[in-house]
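Letter by letter, the chains look like this.
There are 2 protein chains.
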Amino acid sequence: MADINRNYLDLQGSYLFSAIAKKVREYSETHDSRRIIRLGIGDVTLPLCHAVTEALHKAVDEMGNAATFRGYAPDLGYDFLRNAIAENDFKARGCDISADEIFVSDGAKSDSGNIQEIFGPDNIVAVCDPVYPVYVDSNIMAGRHGKYNDATGTFSRFVYLPCDAGNGFCPDLPKEKADIIYLCYPNNPTGAAITKAELKKWVDYANSTGAVIIYDAAYEAYITEEGIPHTIYEIEGARECAIELHSFSKNAGFTGLRLGYTVVPKDLKRGGTELRSLWARRHGTKYNGAPYIVQRAGEAVYSPEGKRQVAEQVAFYLNNAKYIRGNLEAAGFTVYGGVNSPYIWLKTPGNLSSWEFFDELLSKAQIVGTPGSGFGAHGEGYFRLTAFGKYEDAVEAVSRIKETAF
Amino acid sequence: MADINRNYLDLQGSYLFSAIAKKVREYSETHDSRRIIRLGIGDVTLPLCHAVTEALHKAVDEMGNAATFRGYAPDLGYDFLRNAIAENDFKARGCDISADEIFVSDGAKSDSGNIQEIFGPDNIVAVCDPVYPVYVDSNIMAGRHGKYNDATGTFSRFVYLPCDAGNGFCPDLPKEKADIIYLCYPNNPTGAAITKAELKKWVDYANSTGAVIIYDAAYEAYITEEGIPHTIYEIEGARECAIELHSFSKNAGFTGLRLGYTVVPKDLKRGGTELRSLWARRHGTKYNGAPYIVQRAGEAVYSPEGKRQVAEQVAFYLNNAKYIRGNLEAAGFTVYGGVNSPYIWLKTPGNLSSWEFFDELLSKAQIVGTPGSGFGAHGEGYFRLTAFGKYEDAVEAVSRIKETAF
Numbered sequence: 001m002a003d004i005n006r007n008y009l010d011l012q013g014s015y016l017f018s019a020i021a022k023k024v025r026e027y028s029e030t031h032d033s034r035r036i037i038r039l040g041i042g043d044v045t046l047p048l049c050h051a052v053t054e055a056l057h058k059a060v061d062e063m064g065n066a067a068t069f070r071g072y073a074p075d076l077g078y079d080f081l082r083n084a085i086a087e088n089d090f091k092a093r094g095c096d097i098s099a100d101e102i103f104v105s106d107g108a109k110s111d112s113g114n115i116q117e118i119f120g121p122d123n124i125v126a127v128c129d130p131v132y133p134v135y136v137d138s139n140i141m142a143g144r145h146g147k148y149n150d151a152t153g154t155f156s157r158f159v160y161l162p163c164d165a166g167n168g169f170c171p172d173l174p175k176e177k178a179d180i181i182y183l184c185y186p187n188n189p190t191g192a193a194i195t196k197a198e199l200k201k202w203v204d205y206a207n208s209t210g211a212v213i214i215y216d217a218a219y220e221a222y223i224t225e226e227g228i229p230h231t232i233y234e235i236e237g238a239r240e241c242a243i244e245l246h247s248f249s250k251n252a253g254f255t256g257l258r259l260g261y262t263v264v265p266k267d268l269k270r271g272g273t274e275l276r277s278l279w280a281r282r283h284g285t286k287y288n289g290a291p292y293i294v295q296r297a298g299e300a301v302y303s304p305e306g307k308r309q310v311a312e313q314v315a316f317y318l319n320n321a322k323y324i325r326g327n328l329e330a331a332g333f334t335v336y337g338g339v340n341s342p343y344i345w346l347k348t349p350g351n352l353s354s355w356e357f358f359d360e361l362l363s364k365a366q367i368v369g370t371p372g373s374g375f376g377a378h379g380e381g382y383f384r385l386t387a388f389g390k391y392e393d394a395v396e397a398v399s400r401i402k403e404t405a406f
Numbered sequence: 001m002a003d004i005n006r007n008y009l010d011l012q013g014s015y016l017f018s019a020i021a022k023k024v025r026e027y028s029e030t031h032d033s034r035r036i037i038r039l040g041i042g043d044v045t046l047p048l049c050h051a052v053t054e055a056l057h058k059a060v061d062e063m064g065n066a067a068t069f070r071g072y073a074p075d076l077g078y079d080f081l082r083n084a085i086a087e088n089d090f091k092a093r094g095c096d097i098s099a100d101e102i103f104v105s106d107g108a109k110s111d112s113g114n115i116q117e118i119f120g121p122d123n124i125v126a127v128c129d130p131v132y133p134v135y136v137d138s139n140i141m142a143g144r145h146g147k148y149n150d151a152t153g154t155f156s157r158f159v160y161l162p163c164d165a166g167n168g169f170c171p172d173l174p175k176e177k178a179d180i181i182y183l184c185y186p187n188n189p190t191g192a193a194i195t196k197a198e199l200k201k202w203v204d205y206a207n208s209t210g211a212v213i214i215y216d217a218a219y220e221a222y223i224t225e226e227g228i229p230h231t232i233y234e235i236e237g238a239r240e241c242a243i244e245l246h247s248f249s250k251n252a253g254f255t256g257l258r259l260g261y262t263v264v265p266k267d268l269k270r271g272g273t274e275l276r277s278l279w280a281r282r283h284g285t286k287y288n289g290a291p292y293i294v295q296r297a298g299e300a301v302y303s304p305e306g307k308r309q310v311a312e313q314v315a316f317y318l319n320n321a322k323y324i325r326g327n328l329e330a331a332g333f334t335v336y337g338g339v340n341s342p343y344i345w346l347k348t349p350g351n352l353s354s355w356e357f358f359d360e361l362l363s364k365a366q367i368v369g370t371p372g373s374g375f376g377a378h379g380e381g382y383f384r385l386t387a388f389g390k391y392e393d394a395v396e397a398v399s400r401i402k403e404t405a406f
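If you read the sequences in order, they're chains A and B.
For the first sequence, position 381 (counting from the first letter as 1) is numbered 381 according to this note's numbering, and the numbering increases by one without interruption.
For the second sequence, position 153 (counting from the first letter as 1) is numbered 153 according to this note's numbering, and the numbering increases by one without interruption.
Hints should not be assumed to be uniformly reliable.
It does not matter which identical chain is meant; a pair holds if it fits inside one copy or across any two.
What the hints assert, rightly or not - Simulated crosslink set (DSS-like; lysine-lysine; CA at most 30 Å straight-line):
1. Lys22 x Lys266
2. Lys307 x Lys58
3. Lys390 x Lys196
4. Lys269 x Lys23
5. Lys266 x Lys23
6. Lys22 x Lys269
7. Lys175 x Lys22
8. Lys266 x Lys307
9. Lys58 x Lys147
Calculated directly from the structure, the hints in this document are not laboratory data.
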């Protein structure tokens, strides 16, 4: 008799964004309201830029021609893309990362879910609280969670690193043992950035304890301030302790095109084994490379034209963020994020719980956001809005919120 | 201190096709030989058909236009594709599979590697021998393998189902307990097909023991004979015991475009849980959908024009297979497969081992094939050639083999 993976039964509720989508669908089906403005899920709305669609068309033509057709891609990514990444995202920033330390994939979500596989079952996992749910759920599926505590909404074997206004949403070093530490900066969901000095503490901690940091840099394109690291490899010692995840979704709008990459430096070893060789083996066994046409689209993001067009898109979303943040602040809300991030993180008004505010915002203002508690116990009393919508929607949403009594 | 997943250290050698690529690269770099003909890896060579490139261009234009841009795809696949699959691959064959039992992905390799995750660690895994290495390696990574036996090249916790000329490359039912059974028909690597009567035995066995069959139907488009099932759901009772994997790689040449799907019927439950809900949760947590443009390309495969063009490609490869099989047989080789399959499976001549024949074929005839022993102990003494090359290459390869003394 086949037995299921019983860890799945310990997963709490369904995946956050599926739960939100269901609530919104039910509301729409039962209410004849004005248009719903979606500032919930972190999905982009601007179309792919011209440099990218041009590269896609060209690559499709190649795939339709016998002389230029390409079958299986190299498991780890085409050299043309790995070289462009190494040059632009690392060498240009003075970081020592080479092309053969870069693994191209179908996106940072897949990589952030799969990366835990190369670690043993007994590692203690530390996550920020609130946190992007994939880090937690993928480790529950792998059985690293322990027992669920209903009262606190936490699992006994995870180390939770509280992030709140008190510490500027950058957690203190753990007091408990932690072997694998997930950090995401600029942060999803809080929109907070981390300074080089603060990140250095984590690298030093990991190098002193042997912990490995999984650093999610999916939002680095939104950094506007000086002194904020774009990659953890700007920090001395990171090559010995950190894996970094990157996305093309938020900088270049590839949410529906799927492309990302993960960096595993050669200097990162545990138990005498290069983690890079384990990740390479996983890629080679369970993955067959990102589509050629999508890798060409990724390459185009690094062309002079692509860089300019992509920067315009990021600036557009950052302007939305500034508008939402500034106006909600002026209206009396307590607001974080939105400066080095497309996410605005606000205190719910009137001591409403996160889901109560979600329901009120949907029913009174027809706006969809994301309840902070969906990201962890310490997200309770907070709420995430994204700047990925249209400018008119940001204006309309702010106007609706201002005229609503919560 | 982070600890690695020590199961990875039990993986044998590197992934077969990486090992072959390395040998060929080394040979090319040290020999100034005539052109190498590659009949090794199962990669297609014909360009994407017109219906597919047309759909890709159209979808790229949609992605470049604000009014038609699409962000995150539904995790489980777009309805337009799931409906086309349900209609054409199942309903048209009288099989009761609905769109919401179909999960679109980036390919059958990923799915065949990932599917084991929804099962517990203690299940006993049965695989054919020889076998597609991903089934084995992904279960080693998950720790279901036990101890390696150097003398036999087998792991203590796997059940190996010998497939050889004696049983027509269709294994006997296992005598030992087996909880998860991987079957692939038409078979990779042997090119053998399974009859409905033979497959019915496996479905009945699984339903009587509670085992689950992972049925890999990646090569079903190559079936030319009557009475050979295109899907396991042609067999009564399969909805209660079987998961099926499909690929767009071999029928439509999507090896470099990446698209596949997995069927998990609602009637498939173990321990009171629908396996479908577990796979949906895995998809939702660790995957973010196949690219919109690629899903549109997949839809085009089911259009009248797409069906015709894709059938022409399959017929072209089958003609290569027929040529290679017929001529090698005439030249005195013992040859299997190549009738319902793009793979030709031959006995190595003169009692050469599989890797000895690989080396001889490369050094004497400059042809690359795949050593049977790379697929398992019972593949020793066999060798796989694929029909995915150019027709001229099939002719040239046969001519070279005929004039070579092994």
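Indicate which option fits the pair lysine 390, lysine 196 if close means a Cα-Cα distance not exceeding 30 Å: within, between, both or neither. Neither way: lysine 390 and lysine 196 sit 33 Å apart in one copy and 56 Å across, limit 30 Å.
Measure nothing new, just compare the shortest in-copy and cross-copy C-alpha distances for lysine 269 and lysine 23 to 30 Å and report within, between, both or neither. between (45 Å within a copy, 28 Å between copies)
Pop the pair lysine 58 and lysine 147 into one bin, within, between, both or neither, using alpha-carbon distances up to 30 Å. For lysine 58 and lysine 147, the Cα distance exceeds 30 Å both inside one copy (52 Å) and across copies (50 Å).
State whether the alpha carbon distance between lysine 22 and lysine 269 is at most 30 Å within one copy, between copies, both, or neither. between (43 Å within a copy, 25 Å between copies)
First find the shortest C-alpha distance between lysine 175 and lysine 22 inside one copy, then the shortest across copies, and answer within, between, both or neither for a cut-off of 30 Å. Neither: 39 Å inside a copy, 47 Å across copies.
Within, between, both or neither, where lysine 307 and lysine 58 count as close if Cα-Cα is 30 Å or less: Intra 18 Å, inter 25 Å, cutoff 30 Å: intra and inter.
Within, between, both or neither: how does the pair lysine 22, lysine 266 come out at a Cα-Cα threshold of 30 Å? Between copies only: 21 Å across, 44 Å inside.
If the cutoff is 30 Å on CA atoms, where do lysine 266 and lysine 307 land: within, between, both or neither? Let me know, please. within (29 Å within a copy, 47 Å between copies)
Cα distance capped at 30 Å. Does lysine 266 pair with lysine 23 within a copy, between copies, both, or neither? between (46 Å within a copy, 24 Å between copies)
In this structure, the hints that do not hold are numbers 3, 7, 9, in rising order.
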